[in-house]
Amino acid sequence: MYTISKEFHFSASHQLHGLKNDHPCGRIHGHNYTLKIFLRGEPNKDGFVQDYNDLKPISDWVNNTLDHRHLNDVFDFQTSVENMSKYIFDLFKPEFPLLVAVEMSETPKTNCRYEE
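Plus 265 on top of the position in the sequence shown (first one is 1) and you've got our numbering.
Among the hints, erroneous ones may be present.
[Claimed, not checked] Taking lysine-lysine and the BS3-like style, the derived pairs with C-alpha atoms no more than 30 Å apart in a straight line are:
| id | residue 1 | residue 2 |
| --- | --- | --- |
| 1 | Lys271 | Lys358 |
| 2 | Lys301 | Lys351 |
| 3 | Lys351 | Lys271 |
| 4 | Lys310 | Lys321 |
None of these hints come from the bench; they were simulated from the model.
Whenever a hint applies, use it, and build me the whole structure from the sequences.
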């Protein structure tokens with residue numbers, strides 16, 4: 266079985282609500298996010314698990330919906346990477362049945378991986 270991945274990058278701001286008053290994430294702040302999707306399967310006749318060109322709908326969605334946005338205006342839930350990873354997985358799983366995980370990072374040192 267093969268697992269492939271593709272990275273997408275975007276910059277956005279957000280604010281986490283309900284945190285202690287002195288928590289830095291309670292203030293509006295921004296990140297340079299990395300979104301990574303993972304697909305698992307056997308290669309087709311062309312040798313691809315999934316043609317990376319077929320992932321353009323994800324790239325378009327990231328660029329048009331997330332990049333240079335205030336994520337609290339995009340989503341109606343707490344904009345933690347945990348919540349956003351699951352949302353993105355659920356959003357694209359019907360279109361990409363080989364999707365097995367979504368990983369999202371706010372910083373080079375932190376990330377969240379949501380998988381089925």
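Hints, one by one, checked against the model:
Between Lys271 and Lys358 the alpha-carbon distance is near 15 Å, which keeps this suggested pair within the 30 Å criterion. With a CA separation close to 12 Å, the supplied pair Lys301 and Lys351 stays within the 30 Å bound. With a C-alpha separation of about 17 Å, the suggested pair Lys351 and Lys271 falls inside the 30 Å cut-off, and the hint holds. Of the supplied pair hints, the one linking Lys310 and Lys321 holds, its CA atoms being roughly 21 Å apart against a limit of 30 Å.
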